[in-house]
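K.L.:
Now for the letters of each chain:
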Amino acid sequence: MTSEAIGSATKPRNSLAHVKAAGWGKGLNTLARITRMNLRHPWQVAFAIGSTIIAATLQLLIPQLLGRAVDQTQAAFAGGEAGAIAEQALWISALLLLLVSTLRGLFTMSQNYFAEAVGHHIGYELRLACYEKIQRLSFSFHDQVHSGDLITIGMLDLEGVRMFFSTGVVRMVLLTMLIGIGAYLLISTDLVLGLLALSFVPFVAWRSSVTQLKLRATWLDLQERLSVLSRVMEENLGGIRVVRAFASQAYEMLKFDRASKNALGLAHERVDIRVRNTSAMTFSFFFAMGLVLLFGGNKVIAGEISVGRLTTFLTFMTILQMPVRQIGLMVNSFARASTCGSRLFGLLDMDIEIKDAPDAKPLEISEGTLRFENVSFAYPGAEGRPILRNVSFEARRGETVGIVGPPGSGKSTIAHLIPRFYDVAGGAITLDGQDIRKATLASLRREVAVVQQDAFLFTTTIENNIAYGDPWAKESRIERASESAQLHNYVLGLPTGYQTVVGERGVSLSGGQRQRLTIARTMMLKPSVIVFDDSTAAIDAATEQRIRVAMRRFAKDRVTIVIAHRLSSLMHADQILFLENGEIVERGRHEELLAKGGRYKALYELQVRPGDQIPSDEDGSAG
Amino acid sequence: MAQGHAGEMEAERNDVRDDGGRPPRAVVGSHRIEEEMFGKAFDSNIVKRIWAFVKPYRAKVIVSVAAVLVFTGTQLVIPLIIRYAIDHGMTPGMVDRTALLLAAGAFLLAILINYAASYTQEIVVGKMAENVLFDIRRAMFGHLQKVSLSFMDKTEVGRLMSRLQGDVNSMQEFLETSVLSVGDIALLFGIVFVMLWLDFRLGLLTLAVLPILFIVRLFWLPRARDAFMAAHETNSVANGALAEAIHGVRAVQSMDRQQVNFVLYDDKAHANLKTHLTAAKYAQVMVPIVDTLTGIAMAVVIVVGGSMVMNGGLDIGVMVAFLFYIQRFFDPIRSLTLQYSVMQRAMASGKRLTDVLDVRIDVEDKPDAKVLSPDMDGSVEFKNVTFGYSPKHPVLKDVSFKVNPGETVALVGPTGSGKSSAMALVHRFYDVQQGQVLVGGYDVRDLTQESLGRQVAMVLQEPFLFTGTVFENIHYHKTEATREQVIEAAKAVGAHDFIMSLAGGYDADLGERGGNLSLGQRQLISFARALVADAKILVLDEATANIDSYTEMLIQRALVKLLEGRTGLVIAHRLATIRGADRIIVLQNGRIIETGNHAQLMAKGGLYSKLYNLNYASFDDIPEEVLEASVQNGSRT
Ligand SMILES: Nc1ncnc2c1ncn2[C@@H]1O[C@H](COP(=O)(O)OP(=O)(O)OP(=O)(O)O)[C@@H](O)[C@H]1O
Ligand SMILES: Nc1ncnc2c1ncn2[C@@H]1O[C@H](COP(=O)(O)OP(=O)(O)OP(=O)(O)O)[C@@H](O)[C@H]1O
Ligand SMILES: [Mg+2]
Ligand SMILES: [Mg+2]
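One line per chain: the protein sequences are A and B, in this order. Following the working numbering, the numbering of the first sequence begins with 381 at its first residue and continues without gaps. Following the working numbering, the numbering of the second sequence begins with 2 at its first residue and continues without gaps.
Just chain B, with the same shape it has in the complex:
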């Protein structure tokens, strides 16, 4: 019904959209619906998976469950002691002071045990839940370090973050409450037992209200669950839209989309308001029902119990105890109801967590994977490589080439022709569909990824910098690199001067993603980072695209010494960059169409020479047919 409600609301809002207020082609936030929101409350598979994380702490679990049971026991005993005191200590006519003192002593003992038990249980459970939470998060994070990039490409960081944070937190909540639930269930059974024991008939009568409660809940539960889930979902949708606004604020402002986005966001925030109000209604409607049932139970005890007392069939203390128990009786039911929704949320979260943990690791080290030693020759070879991000659409088709040790080879080609993809394969970001990629003579699939990564340093097309200082960024994980090496690398790429001009020099803090640097500067730093990595093979994917040719030339000069004996793979659209390469490979639509050095390719008069000419020649000088040809060549990228 909550669903229906949300549906109505959507329709109502859609009407508004029609009168021109909302543009047809605009959304804020990701419009993928969070999968699997409506899970079961109990899924043994998920519980098993989560249990694996709890298992290391099983001694603690046992201690805390024991403590909960003891705690519940004392809760049950206390009204009995009161009853004893009333019936034996202060019944008019048969006053017994020792009984009263005895009762007081027993009471003191009971509350001491109660104290110790509750302390133990809460400390143990609290800490254990925190530990498990951090363990799960670590396992997920660790797993994400290994899953294939094709998974990461498809998955938004925000979504993963919400799993690493929100979902992990609701697991923690779940662990804490499930121990409490054990106590609640024990308490419930205990109360039922004690009531029946104290007086079977009165007990039965009192418990007669229970079936009513269960029937009401039977109707209430599915609707309430839908309402809660809808509230949860609209909340994450609204939060997602907010996160997008924060990350994309520069694009939003530069295209003046604030107004439109605000209206769209208003829809989401409003839906969030509506669903929360509905959920609040469902949550609260149980309150008067439970209270009425409590009232009925108490009335029964007073009327029936009262007349039993008058007939001498019941001690008055028992009646008082009953009244106490009834008031306590509904507490566990109420909290079990709450815990049920926690449980349900936890199952949904658990599902999402296990989903992450279950992402197949496509690119994995073989059990007998070899370590690529730094002394390998540094050759790279593609043997009939076919590769695509989705198997049906190959991006590289039957590509073969070899880069000899110490050689520099350039990859050239129209945009989208597969150059970056080919470089990703050298690093085994993805596995090929056919053929082989060999580094140092070994198939990359036979090497450990770790050792491969250490021998192949990359400057990626998109420079990515971490929050932290300039030094930390260049140094990165190369713990053995000294400050001198870092500075040397920075000097080689011509970044030293501007770094020194920053307040703090190498210790200057960079903004988020290096936002307080120009793009070219970011590129230089990521270039320096690759140099510090000191690898045998250096892959430069448009490493100087955002850098002027003069600076580039200085870098090339400086690199001559640094790169002696290393293998270079270079991608560039500015052909001047790669003119000096030993060999140039021209890719088009994922196929190699030409290879040779600059002079050979120019002489050949193919795509390369056309691109090269276009690169510097005045546009007007280009004959139409050349342009036509390049249109045909290039447009199917």
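One chain only, chain A, in its complex shape:
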């Protein structure tokens, strides 16, 4: 599977494009899937839809009752002798009207509540699913997808899917009922007048759907532009020190303005589209109303219909006005759910590249021997660029392997392969003879700990950060880990000690403090293999020595891999690997490598030669 993957220049695969591309095409499938999710709450769905039907029916009764009341009044007014009966009838109409209104209110409440409840429940389920998926997706996915895009999916797209039931499905039922039955009633009472009253419906329905689809399409575009804008802002704020260091505020404002103008222009266009549409819709509605008034009035004059009936017609029209305008919103909701849904489901269905094999077993560690067997590797998405080539080495429990090499030679990559952050492309990595790809991921990650080169610290207390990998730990253990990492004294000096909240990504710490915190949190784990990836670069030699002393106890029971540029950090290793361009070019103990007189020796010389031996042309330019 592997050697082909390396040499051949496969097309870079961009997962984000993948996620986005899924947005088109299979809209119906997406809607069906959302509906299936909704149906997992059958009672609430049933209550919502049932209430909708009843509420719509009741709402349609209101104009009838009003019309009746007006007719009764007029009848009573015309024929004086029936006055008493009419008055009674009026009372009945009034009470009926009150009853119907109240009931309608109650059922509308239940309709809205249950519709929202369904939405919130699937919102909850989707949130969990999303969170879990994002947590589990492998590094290669996160390398290729910008965090801002994931945030958009997890927040905005999720809303679109969540709202589908209330703003799409329930509204559709409501609109079908109101418009369908309303139209039937109108036409069946008086064909011509009914058709006139409804004349605005097709126009408005069509206009608003077209507009909403247009808005939808531009919405995606706008979203794109806004995400550029938010990226500009986010990177500016995240890299504020760089911005300040280069006094480039003016340039950053320029970047901001460009992105901002770009989005603003489109936002204005969208306002135009929207407003042109709503005003035209209102106009067409009122126009139809005017026609009904004119023709209906003529009919009343001709004695064909009563004033009450005309009132019914006009009332119906006011009732229909809202639902007809809402057709557009409903269409929008469908379109939104299908685009948002396919992006969201695209994420949820994303294959997790690194996962347990079907026959995966928990790792069983006895000897605790780590072996690299002819490992080769290239980063997913850049398969044309081999990063590791035929890397082999072995380390037994208690042993330390040191890795040195120029930047980009693949040292961190080795560190990433052991806990299976990425899978090797060729060869194998084994722990006690078990291929790590055959072990369960949880057991592997428990056995392998990596102190990462640019570690992420959480915005929480120092204590919580240290205990991140073992939140059940006792306080004493946390302190011990912190002592071993030479952090304890510093923390005690802080006004709030271990409860001090470290700023975002640890900004309020010095470089070395950050690294020591990272070391401390790794010391909380009890792995069989521990990798220190350049994790003392910002720590002075004395502090580092003390860390190493503390570590000696720790290292006895495990394999330790130390990646470092400062040779004093790894000169005591049982084996030192010199990596260059992904290949081990020299290996052996410190003395052996010195004796060999190769690259390692050159490096050593550079680091230990006393100052006066440095050729003068390097002087004065310590940059």
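No lab work stands behind these hints: they were computed from the structure. Treat each hint with caution, since some may be false.
Unchecked claim - Ranges of calculated distance between the beta carbons of each label pair, as one might list FRET restraints: (1) 371/B x 594/A: 52 to 60 Å; (2) 634/A x 155/B: 49 to 57 Å; (3) 371/B x 733/A: 56 to 64 Å; (4) 387/B x 872/A: 18 to 26 Å.
Claimed, not checked - Taking lysine-lysine and the DSBU-like style, the derived pairs with C-alpha atoms no more than 30 Å apart in a straight line are: (5) 594/A x 641/A; (6) 981/A x 479/B; (7) 981/A x 492/B; (8) 741/A x 936/A; (9) 641/A x 147/B; (10) 641/A x 61/B; (11) 61/B x 981/A; (12) 128/B x 641/A; (13) 594/A x 128/B; (14) 352/B x 128/B; (15) 641/A x 352/B; (16) 611/B x 936/A; (17) 128/B x 981/A; (18) 641/A x 479/B; (19) 56/B x 641/A; (20) 641/A x 49/B; (21) 594/A x 61/B.
Glycine included, each C-beta is placed from N, C-alpha and C at the ideal position.
Add chain B with the ligands to chain A, keeping to what the hints say.
P.N.:
Positioned in the frame of chain A, the structure of chain B with the ligands alone reads:
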């Protein structure tokens, strides 16, 4: 009450925690509570501040308010026209066709005006709101470019982003709705007026339902508001936790925290569900109440109006008009209720926005600040500098040293001793508490920050790269730098080869924060960026910490020419890096304890020589007492 509810729920969930499912020391997401969630619905101060942004568009505001009033007027007139048509055109017995035609004509005119007014108002308001939104955001972003770094250190990017986006958006919503509110209020008063005008008694009777509504709302409002706010807050808490999971996913996976985090996140998502359901209840409970009141009002009109008609005291058309008005009557009330919560949210947002705009700019150019010319000598001097991030805990204490033009001086010392902080002062990221920092002979506080920044280039300890190509990153804001200069800089730092190996070379896209490069490579690029900036003073804060000594030596060789005549300030823990410096300053606990060149310091046998020896000597060779001494020296960092 919603609060109480949330409280109960918390307690219930806490029980679960006790049975061992939830670890004691674990949280997801930032646990700082979003401040000032429960604001007033109207805060004149905030309104004033927001008004400042609307002011440039006041002509438009006037036009749109006028349009809204016209629009409302036509809304009011339409039922009157219908009434006219019924009463004068089609009353049995006194049919009048011209009246009907007249009514139809008036109707047409009314809806044309209605159309024009609504179009004008919505277009004007819609665009204005967008403009104001972008203006506010620009003002905030611009302000954030100037506020002191100590504010930025304390504030999470995510929090600022939510202000720049969420809060700004709710201001937009607010602007749009407040114009509509004007219309709604006008409509409400208009309807009341017309009803009273049509028939005073019937009007009064109908309006009698209003006090009931107000009393109900009086009870409803505070609870509903709490419920809405709680929903809003749990939502942002859950979103914050999600954002953390996305940014910190690598740490989460490497420490296998997925399971625990999932359980914790479930708590937050569940709280979010609960509060939203509660909020939905509160939002919906008003529906049947309003509908019942509508029903009562209509019943009153039918019974009372009906009997008045029968007595001949009322035209039937008036009764029909009343029925129309009642149906329209509750619309503005309903939307005003909605707008009230929009308003409230907007006030909370407005508060947060003005908070950002009000962050004091501690580090500011003086009115008569001088421009630091590129011809200045490039000297840097610290005169008795005392500085701390919080005034009580000084990080630098009475530090004095001078770097002469063209000299290279190294800063050495245990971690946390204040080296990076000292460099931050050269750039005036922060202001000193005592003493002075002089660049080119001028106190940095007397210079414009812009010109200072152009003359001091820094390679920061944490390399930060922007999304974009390699070229854009190295080039950065130096518009006059050519592609050749960029390539030359990349070659000088030894980055050229690996850049060329990327698909696309200099035009290869970098991942988020340069994630598809190794850390050393990122450092090289940020080094190259500092070279392209072409400044008189170069500050290298651990610029080669993640780079091997061989590559480093190549860089040093290449730099000799590039840096001729420039002043260098170098920080390094790997002492080999700074061995060649003209002078070495050893810092400990924020104090200078030694200065001299390498040979002098070695001869002195102080901290430097100890550190230096530790640097290369085998651990076993170090006598215990040296180690002991260094433990004592170093541990109080
Ligand atoms: N932004 C900040 N806010 C608050 N405290 C800070 C901030 N930056 C640094 N500190 C504190 O100031 C002290 C000095 O930090 P500084 O970064 O200057 O150390 P340093 O000498 O550069 O150390 P290192 O070698 O580890 O990078 C440390 O105790 C650190 O915790
Ligand atoms: N996520 C990634 N996607 C694509 N390429 C990557 C990724 N991470 C690293 N690389 C590339 O792989 C190569 C090896 O990187 P690695 O991080 O292993 O280097 P390293 O030896 O640790 O270097 P350093 O000393 O700078 O830390 C580099 O050329 C780098 O550009
Ligand atoms: Mg690395
Ligand atoms: Mg530092």
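K.L.:
Does each hint hold? Answer for all of them.
P.N.:
Okay, the hints, checked on the actual structure:
Separated by about 55 Å at the C-beta atoms, residue 371/B and residue 594/A satisfy the suggested range of 52 to 60 Å. The hinted window of 49 to 57 Å between residue 634/A and residue 155/B is violated, with their beta carbons roughly 28 Å apart. At roughly 58 Å, the beta-carbon separation of residue 371/B and residue 733/A lies within the given 56 to 64 Å, and the hint holds. Our hint of 18 to 26 Å for residue 387/B and residue 872/A holds, since their Cβ atoms are close to 23 Å apart.
Taken as a hint, the residue 594/A and residue 641/A pair is honoured in the structure, with Cα atoms around 21 Å apart against an allowance of 30 Å. The straight-line distance between the Cα atoms of residue 981/A and residue 479/B is roughly 40 Å, outside the 30 Å bound, and the hint therefore fails. With a C-alpha separation of about 25 Å, the suggested pairing of residue 981/A with residue 492/B holds against the 30 Å cut-off. The suggested pairing of residue 741/A with residue 936/A holds, with an alpha-carbon distance near 26 Å, which does not exceed 30 Å.
Straight-line distance between C-alpha atoms of residue 641/A and residue 147/B comes to about 22 Å, which keeps the hinted pair within the 30 Å bound. Annotation: proposed proximity of residue 641/A to residue 61/B holds, straight-line Cα distance about 20 Å (limit 30 Å). A distance of roughly 76 Å separates the Cα atoms of residue 61/B and residue 981/A; the hinted pair therefore is violated under the 30 Å criterion. The hinted pair formed by residue 128/B and residue 641/A meets the criterion: a straight-line CA distance of about 13 Å does not exceed 30 Å.
Using a Cα cut-off of 30 Å, the hinted pair residue 594/A and residue 128/B holds, with the two alpha carbons roughly 18 Å apart. Taking the CA atoms of residue 352/B and residue 128/B, the gap is near 23 Å; set against the 30 Å cutoff, the hint holds. A threshold of 30 Å between alpha carbons decides the hint, and for residue 641/A with residue 352/B the separation of about 26 Å falls inside it, so the pair holds. As the CA atoms of residue 611/B and residue 936/A are separated by approximately 28 Å, the hinted pair is consistent with the 30 Å bound.
For the proposed pair residue 128/B and residue 981/A, the alpha carbon gap of about 69 Å is over 30 Å, so the pair is violated. As the CA atoms of residue 641/A and residue 479/B are separated by approximately 23 Å, the hinted pair is consistent with the 30 Å bound. Restraint check for residue 56/B and residue 641/A: satisfied, since their Cα atoms lie roughly 20 Å apart, inside the 30 Å limit. Among the hinted pairs, residue 641/A with residue 49/B is consistent with the structure: their alpha-carbon atoms are about 26 Å apart, no more than 30 Å.
With a C-alpha separation of about 27 Å, the suggested pairing of residue 594/A with residue 61/B holds against the 30 Å cut-off.
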